[in-house]
Amino acid sequence: MLWACILLPQLALDAVQRGRADPDTPLVLLSGPPQRRVLQAVNAAAAALGLRAGQALTSAQALAGNFTCVDHDPAAIEALEQLLAAWAYRFSSQVSLQYPRVLLLEVESSLGLFGPWPAFEARLRAELNALGFRQRIVLASNPVAARMLANCHDGLALDCPEQTRAALEQMPIERVGLPAEAASAFSRMGLRRLGQVMALPREALARRFAAAVQLHLDRLLGLRPMALSFYLPPDRFDLRLELNFDVESHQALLFPLRRLINDLTAFLAGRDSGVQRFTLHLEHAEGADTCVAVGLLAVERDPLMLFELARGRLEQLQLRAPVRNLRLQTEDLPAFVPQHRELFDPRPQQNQPWEQLRERLRARLGDTAVHSLSAQADHRPECAWRLDPAVRLAPMAPAALRPGWLLAEPQALPGVGVQLLTGAERIESGWWDGGDVRRDYYRVQTPTGLYAWAYRNLGEEGPLWLQGWFA
Amino acid sequence: MGAVVSLDGLLDQRRVWKGRPQVQAQGLQPSGHAALDRALPGGGWPPAALTEILLAAQGCGELHLLWPSLARLTANGERVVLVAPPFIPYAPAWQAAGVDLQWLTLIETAADEVLWAAEQCLRSGSCGAVLCWPHKADDRALRRLQVAAESGQTLAFALRPLQAAVNPSPAALRIAIDAQPAQWRVLKCRGGLAPSMPIACAGRG
Numbered sequence: 036m037l038w039a040c041i042l043l044p045q046l047a048l049d050a051v052q053r054g055r056a057d058p059d060t061p062l063v064l065l066s067g068p069p070q071r072r073v074l075q076a077v078n079a080a081a082a083a084l085g086l087r088a089g090q091a092l093t094s095a096q097a098l099a100g101n102f103t104c105v106d107h108d109p110a111a112i113e114a115l116e117q118l119l120a121a122w123a124y125r126f127s128s129q130v131s132l133q134y135p136r137v138l139l140l141e142v143e144s145s146l147g148l149f150g151p152w153p154a155f156e157a158r159l160r161a162e163l164n165a166l167g168f169r170q171r172i173v174l175a176s177n178p179v180a181a182r183m184l185a186n187c188h189d190g191l192a193l194d195c196p197e198q199t200r201a202a203l204e205q206m207p208i209e210r211v212g213l214p215a216e217a218a219s220a221f222s223r224m225g226l227r228r229l230g231q232v233m234a235l236p237r238e239a240l241a242r243r244f245a246a247a248v249q250l251h252l253d254r255l256l257g258l259r260p261m262a263l264s265f266y267l268p269p270d271r272f273d274l275r276l277e278l279n280f281d282v283e284s285h286q287a288l289l290f291p292l293r294r295l296i297n298d299l300t301a302f303l304a305g306r307d308s309g310v311q312r313f314t315l316h317l318e319h320a321e322g323a324d325t326c327v328a329v330g331l332l333a334v335e336r337d338p339l340m341l342f343e344l345a346r347g348r349l350e351q352l353q354l355r356a357p358v359r360n361l362r363l364q365t366e367d368l369p370a371f372v373p374q375h376r377e378l379f380d381p382r383p384q385q386n387q388p389w390e391q392l393r394e395r396l397r398a399r400l401g402d403t404a405v406h407s408l409s410a411q412a413d414h415r416p417e418c419a420w421r422l423d424p425a426v427r428l429a430p431m432a433p434a435a436l437r438p439g440w441l442l443a444e445p446q447a448l449p450g451v452g453v454q455l456l457t458g459a460e461r462i463e464s465g466w467w468d469g470g471d472v473r474r475d476y477y478r479v480q481t482p483t484g485l486y487a488w489a490y491r492n493l494g495e496e497g498p499l500w501l502q503g504w505f506a
Numbered sequence: 002m003g004a005v006v007s008l009d010g011l012l013d014q015r016r017v018w019k020g021r022p023q024v025q026a027q028g029l030q031p032s033g034h035a036a037l038d039r040a041l042p043g044g045g046w047p048p049a050a051l052t053e054i055l056l057a058a059q060g061c062g063e064l065h066l067l068w069p070s071l072a073r074l075t076a077n078g079e080r081v082v083l084v085a086p087p088f089i090p091y092a093p094a095w096q097a098a099g100v101d102l103q104w105l106t107l108i109e110t111a112a113d114e115v116l117w118a119a120e121q122c123l124r125s126g127s128c129g130a131v132l133c134w135p136h137k138a139d140d141r142a143l144r145r146l147q148v149a150a151e152s153g154q155t156l157a158f159a160l161r162p163l164q165a166a167v168n169p170s171p172a173a174l175r176i177a178i179d180a181q182p183a184q185w186r187v188l189k190c191r192g193g194l195a196p197s198m199p200i201a202c203a204g205r206g
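For the record, the sequence lines run as chains B and V. Numbering-wise, my numbering puts 150 at position 115 of the first sequence, and it's gapless, one number per residue. Numbering-wise, my numbering puts 125 at position 124 of the second sequence, and it's gapless, one number per residue.
Hints in this document: simulated from the structure, not taken from any laboratory. Because the structure is a prediction, the values reported are computed rather than measured. Where a beta carbon is used, it is the ideal one built from N, C-alpha and C, also for glycine. Misleading hints may appear alongside valid ones.
Heads up, incomplete: computed chain B residues facing chain V, CB under 7 angstroms, no partners named [said to hold, decoys possible]:
id	residue
1	Leu148
2	Phe149
3	Trp152
4	Gln387
5	Leu392
6	Val405
7	His406
8	Leu408
9	Ala419
10	Pro438
11	Leu441
12	Val479
13	Thr483
14	Trp500
Please model the complete structure; the sequences and the hints are all you need to start from.
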């Protein structure tokens with residue numbers, strides 16, 4: 036088995052920065068008690084101002100004035116690790132979050148689909164960069180070795196135990212994950228490299244050091260297996276993005292929204308499912324959340340399309356208060372069935388399939404704007420058609436000439452100059468469902484030369500009622 | 002003066018520009034009415050362009066004009082979209098005219114969204130024809146429809162009252178429908194001279 040270790044060295048900082056549209060403004064993460072706030076991490080722009088991780092906030096403020104402070108939130112980091120595991124689950128069925136800030140993937144069984152490794156690695160890096168995470172990736176023959184080699188290397192690919200062992204021998208003794216006292220004891224003994232330690236006789240090591248040291252060394256070399264707990268994707272998606280500032284316009288919500296949707300699609304791709312409805316919660320400082328429900332007619336997972344739809348719904352919304360946090364929730368994750376496409380598409384320039392167009396129209400015009408039409412077997416004109424039919428009947432043979440346009444409500448037709456073109460056609464039906472109709476229909480020509488379909492109720496005198504146009 | 006300048010030389014130097022008749026594909030989108038197809042320069046509707054149909058009154062024969070084309074498109078499995086029609090398309094009659102209703106889509110929308118919806122449908126390229134009834138369409142709006150029809154390679158029809166005929170329009174084809182006598186008048190057709198004689202609507206009345 037081959038194990039890829041993806042180390043996320045700046046996870047906490049990336050987690051904050053990916054939700055913001057301004058990567059170049061100085062940003063620091065704060066941690067520690069309120070009396071003594073300490074800079075946990077700084078971004079490149081803040082480092083250029085002379086800020087360093089580990090500084091006290093007061094001294095940082097003395098050095099530079101304008102930088103953004105964000106509180107370090109371990110819970111958000113944990114949620115993000117889960118998301119990344121869901122993303123990685125797409126590439127391997129064995130994904131482990133054994134170590135903090137690290138994804139361990141068994142990749143040998145995935146190489147047939149995604150491989151060879153250089154291409155696979157490039158894809159992992161490209162997708163992580165798109166998600167907004169910096170990464171170090173190492174491939175080795177066992178998970179512990181991959182994790183420890185990632186401490187010193189990036190892009191290392193070792194595909195057999197001998198190579199792994201050779202690389203491990205060159206590792207400095209402090210960087211291989213040994214207990215701190217053991218590592219310092221080794222270096223005080225003059226053993227700077229792991230290779231020197233491994234050259235020592237086992238019995239002597241076992242006598243001088245705790246059993247954990249030997250166990251760790253054996254695991255590094257793959258002599259003893261390590262039990263890893265593997266990630267199992269959940270059946271729902273719930274991600275929250277803290278904006279850390281009050282947002283009052285839709286425009287400013289679009290960037291975090293795009294992030295959330297991209298995360299959602301990364302999760303969906305891992306589960307090979309799609310989404311049919313999801314809810315956007317706009318959390319306010321006080322009061323209940325504003326919920327935006329987005330429902331689709333078909334299962335989708337294309338990020339661009341989901342973003343367009345969510346944006347369409349969001350733009351119609353009146354924000355009643357500034358938005359603090361954005362949260363995307365969905366319970367409904369049906370299996371995704373890709374669209375059936377012809378190899379030789381008769382319309383090659385088709386840049387948006389009909390399903391997407393329909394969703395787009397519904398998002399802006401309302402859920403009930405787009406209809407299909409069907410004919411029903413009924414003699415009454417108002418019952419002979421239906422919107423959005425559940426079942427489609429086979430075309431019927433036309434009984435008589437019928438108008439192409441039907442008026443929603445019959446209108447009185449002024450009698451002057453109207454010329455009857457045909458004799459009466461009696462339509463008498465509907466006594467069983469209350470919509471009783473007894474009418475004589477005529478094809479008439481109006482003085483302006485239009486052909487109309489008009490009727491008179493049986494036993495009634497008076498004007499004709501216009502019901503349709505023979506257009 | 003007096004030096005003889007050869008015409009070929011001028012043309013070779015590109016100092017004189019010569020208009021060439023553009024070769025038009027024939028009969029890509031026949032209207033289904035033989036007399037009309039003969040009169041139109043492309044042998045039918047201008048493909049991937051806007052056609053303006055100017056009506057003497059709503060219901061004066063627009064369906065008679067369009068039904069054969071719609072029937073042909075839906076039979077080929079191409080979608081036909083009606084954006085905000087003024088009346089209900091009466092399904093049995095459309096079916097009798099040969100239109101396959103499963104490819105017919107109706108979009109109900111407010112007056113100010115008609116052009117937006119039509120433009121989206123045209124631009125997507127997933128429809129065979131888009132019919133819209135814009136309430137107020139100025140030159141700019143029609144030009145947008147024309148560009149959208151071009152980029153989506155879709156037939157576009159804008160149905161407007163006859164009063165709009167006096168305004169210039171960017172549409173590739175403008176046809177007026179008269180009710181009395183029942184006839185079509187081609188007001189403008191791109192790529193040829195508009196026939197001066199009206200064309201009688203066959204089979205109407």
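Results of checking the hints against the structure:
| no. | hint | result |
| --- | --- | --- |
| 1 | Leu148 | 32 angstroms, violated |
| 2 | Phe149 | 32 angstroms, violated |
| 3 | Trp152 | 40 angstroms, violated |
| 4 | Gln387 | 4 angstroms, holds |
| 5 | Leu392 | 4 angstroms, holds |
| 6 | Val405 | 6 angstroms, holds |
| 7 | His406 | 4 angstroms, holds |
| 8 | Leu408 | 5 angstroms, holds |
| 9 | Ala419 | 5 angstroms, holds |
| 10 | Pro438 | 6 angstroms, holds |
| 11 | Leu441 | 4 angstroms, holds |
| 12 | Val479 | 12 angstroms, violated |
| 13 | Thr483 | 6 angstroms, holds |
| 14 | Trp500 | 15 angstroms, violated |
The earlier numbered hints that this structure contradicts are 1, 2, 3, 12 and 14.
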